Amino acid sequence: MIELCERCLERLRRAGLPEKEGKEEGMEVRVVEERECVYCCGLFSRLPEVAERIAKELRDYEIKSIQTGCLLRGSIGEIERFFFGEAGDRKASIKHEINDSLTELLVERLKVRDARKRGLGDATVTLDAETLDYEVRITPVYIYGRYIKRVRNIPQTRWVCSACNGRGCQVCGFSGKKYPTSVEELIGQPCVEVMKARDAILHGAGREDVDARMLGNGRPFILEIREPKVRSVDLRELERIVNERAGGKVSVRFLAFAEPKHVPELKTSKFRKKYRAVVEFEREVGEEELRRALEELSFRVIEQFTPERVEHRRANILRRRRTYKLDLLLHRGKKAVITVEADSGLYIKELVSGDRGRTRPSLSEILNSPARVVRLDVISVLGGLEDFESLRVCDNDQEV
Numbered sequence: 001m002i003e004l005c006e007r008c009l010e011r012l013r014r015a016g017l018p019e020k021e022g023k024e025e026g027m028e029v030r031v032v033e034e035r036e037c038v039y040c041c042g043l044f045s046r047l048p049e050v051a052e053r054i055a056k057e058l059r060d061y062e063i064k065s066i067q068t069g070c071l072l073r074g075s076i077g078e079i080e081r082f083f084f085g086e087a088g089d090r091k092a093s094i095k096h097e098i099n100d101s102l103t104e105l106l107v108e109r110l111k112v113r114d115a116r117k118r119g120l121g122d123a124t125v126t127l128d129a130e131t132l133d134y135e136v137r138i139t140p141v142y143i144y145g146r147y148i149k150r151v152r153n154i155p156q157t158r159w160v161c162s163a164c165n166g167r168g169c170q171v172c173g174f175s176g177k178k179y180p181t182s183v184e185e186l187i188g189q190p191c192v193e194v195m196k197a198r199d200a201i202l203h204g205a206g207r208e209d210v211d212a213r214m215l216g217n218g219r220p221f222i223l224e225i226r227e228p229k230v231r232s233v234d235l236r237e238l239e240r241i242v243n244e245r246a247g248g249k250v251s252v253r254f255l256a257f258a259e260p261k262h263v264p265e266l267k268t269s270k271f272r273k274k275y276r277a278v279v280e281f282e283r284e285v286g287e288e289e290l291r292r293a294l295e296e297l298s299f300r301v302i303e304q305f306t307p308e309r310v311e312h313r314r315a316n317i318l319r320r321r322r323t324y325k326l327d328l329l330l331h332r333g334k335k336a337v338i339t340v341e342a343d344s345g346l347y348i349k350e351l352v353s354g355d356r357g358r359t360r361p362s363l364s365e366i367l368n369s370p371a372r373v374v375r376l377d378v379i380s381v382l383g384g385l386e387d388f389e390s391l392r393v394c395d396n397d398q399e400v
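Here the working numbering is used: the first residue of the sequence shown is 1, the next is one more, and so on.
Check each hint, because a few of them may be wrong.
[Said to hold, decoys possible] Restricting the straight-line Cα-Cα distance to at most 35 Å, the calculated cross-link-like pairs of lysine-lysine (DSBU-like) are:
id	residue 1	residue 2
1	Lys261	Lys274
2	Lys178	Lys267
3	Lys196	Lys177
4	Lys249	Lys325
5	Lys196	Lys270
6	Lys349	Lys177
7	Lys335	Lys64
8	Lys261	Lys334
9	Lys274	Lys117
10	Lys335	Lys349
11	Lys274	Lys229
12	Lys267	Lys196
13	Lys56	Lys95
14	Lys249	Lys274
15	Lys117	Lys249
16	Lys196	Lys178
17	Lys349	Lys249
18	Lys56	Lys117
19	Lys274	Lys177
20	Lys196	Lys56
21	Lys274	Lys334
22	Lys249	Lys178
23	Lys95	Lys64
24	Lys95	Lys178
Worth flagging that the hints you see were computed from the coordinates, not collected in a lab.
If you're wondering where the values come from, they're calculated on a predicted model, not measured in any experiment.
Could you put together the complete structure from these sequences and hints?
Now the structure itself:
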């Protein structure tokens, strides 16, 4: 004989499990109070108290929607397997009733909507049905935009000191970082302060070298703002604050609120880029000779092994990328200014130097004379999430 409360018994009946039809065909059931039920163990009577604790924890956060989930472990998990087998019956599982009850209690207390059928909520609560412990996860806010980096020697993201692995040492001046700041920090820190968040992570559509500037129309990026207490912000005002605080080193345009799915879309997109490089030659190169070399290097498939300068942190693989138009802007003796349009992922410094034969063809190889890039700027990224129908770009001062 199994002791079940009316609630659990009714759920099993809806699932079609027989009862009181003989020991061979069904199961004998004795109806008891919820606290004595071997299935739910009085869980539902304790949910209001749990919901109150969760609501109290979330009252400092601006949330408009919530979703819940639960883990079935221990005795409740075992009883489910007893009734439904290892495969389980998702429609009949107690999990659904727990989620429904907890969601209803939280919606009432927090005055928010149930997000389970409308995508990701502003907050997600996962309840352990055995212990009634819970985990609250605040959904990040994602903002899409473009940044311009006007100064050199600033990395895109925080660069941990390799000597101490971020703990702080004499090499890094006890900052834990190789560089004092980054594009990520210059953009993210003001957003963290305004939105009362824990942290901000920058996801870029590629990255420029530390010693290169990012100019022109700016590099597309998504800023992931983690655990924000404030979610409703005016993007134009936030943009103004970031640009004012950056002191001219970096400037941003915040274009739209994004979604989690846009991060991999951005990071896997292969936008063409246009570069401007100051090139220095070992010997004086004639202007006509240089123009012919640039023409020969245009519209070519370039084979590149991972450059020696980054091989210590990246796998040594062969990449094939295409160049498009290479132009000569200025030529004077042993120096020239050129522009290069190329596929995403092509190393421009090595396209010029040849990297001791690891990049072919290269400008050095065609000229039969060593050449190197002494200054590099990205002057255009040809594409962005503005082209995606799933992302609605802000119009003037309106939020998405």
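Each hint, compared with the structure:
1. For the hint pairing lysine 261 with lysine 274, the CA-to-CA distance comes to about 27 Å; that is within 35 Å, so the pair holds.
2. Note on lysine 178 and lysine 267: the hinted pairing holds, with a Cα-Cα distance of about 24 Å set against a maximum of 35 Å.
3. Between lysine 196 and lysine 177, the direct Cα distance comes to roughly 24 Å. Compliance with the 35 Å bound is thereby established for this hinted pair.
4. Under the criterion of a C-alpha separation no larger than 35 Å, the hint pairing lysine 249 with lysine 325 is consistent with the structure, at around 30 Å.
5. Between the alpha carbons of lysine 196 and lysine 270 the distance comes to roughly 34 Å, so the proposed pair stays at or under 35 Å and holds.
6. Restraint check: the Cα-Cα separation between lysine 349 and lysine 177 comes to about 25 Å, which is no more than 35 Å; the hinted pair holds.
7. Proximity of lysine 335 to lysine 64 is assessed by CA-CA distance (about 59 Å); at most 35 Å being required, the pair is judged violated.
8. Of the pairs offered as hints, the one joining lysine 261 and lysine 334 is violated, with about 48 Å between alpha carbons and a cut-off of 35 Å exceeded.
9. For the hint linking lysine 274 to lysine 117, the alpha-carbon distance of about 43 Å lies beyond 35 Å, and the restraint is violated.
10. Distance hint between lysine 335 and lysine 349 is fulfilled; the C-alpha atoms sit about 15 Å from each other, no more than 35 Å.
11. Our distance criterion of 35 Å between C-alpha atoms is broken by lysine 274 and lysine 229, whose separation comes to about 39 Å.
12. Distance hint between lysine 267 and lysine 196 is fulfilled; the C-alpha atoms sit about 27 Å from each other, no more than 35 Å.
13. With a C-alpha separation of about 23 Å, the suggested pairing of lysine 56 with lysine 95 holds against the 35 Å cut-off.
14. For the proposed pair lysine 249 and lysine 274, the alpha carbon gap of about 21 Å is at most 35 Å, so the pair holds.
15. A distance of roughly 44 Å separates the Cα atoms of lysine 117 and lysine 249; the hinted pair therefore is violated under the 35 Å criterion.
16. The suggested pairing of lysine 196 with lysine 178 holds, with an alpha-carbon distance near 27 Å, which does not exceed 35 Å.
17. Taking the CA atoms of lysine 349 and lysine 249, the gap is near 23 Å; set against the 35 Å cutoff, the hint holds.
18. Between lysine 56 and lysine 117 the alpha-carbon distance is near 25 Å, which keeps this suggested pair within the 35 Å criterion.
19. Taking the CA atoms of lysine 274 and lysine 177, the gap is about 30 Å. The hint holds against a cut of 35 Å.
20. As the CA atoms of lysine 196 and lysine 56 are separated by approximately 18 Å, the hinted pair is consistent with the 35 Å bound.
21. Our distance criterion of 35 Å between C-alpha atoms is met by lysine 274 and lysine 334, whose separation comes to about 23 Å.
22. Taken as a hint, the lysine 249 and lysine 178 pair is honoured in the structure, with Cα atoms around 18 Å apart against an allowance of 35 Å.
23. Taking the CA atoms of lysine 95 and lysine 64, the gap is near 24 Å; set against the 35 Å cutoff, the hint holds.
24. As the CA atoms of lysine 95 and lysine 178 are separated by approximately 49 Å, the hinted pair breaks the 35 Å bound.
Taken one by one, the earlier hints fail for this structure at numbers 7, 8, 9, 11, 15 and 24, listed in ascending order.
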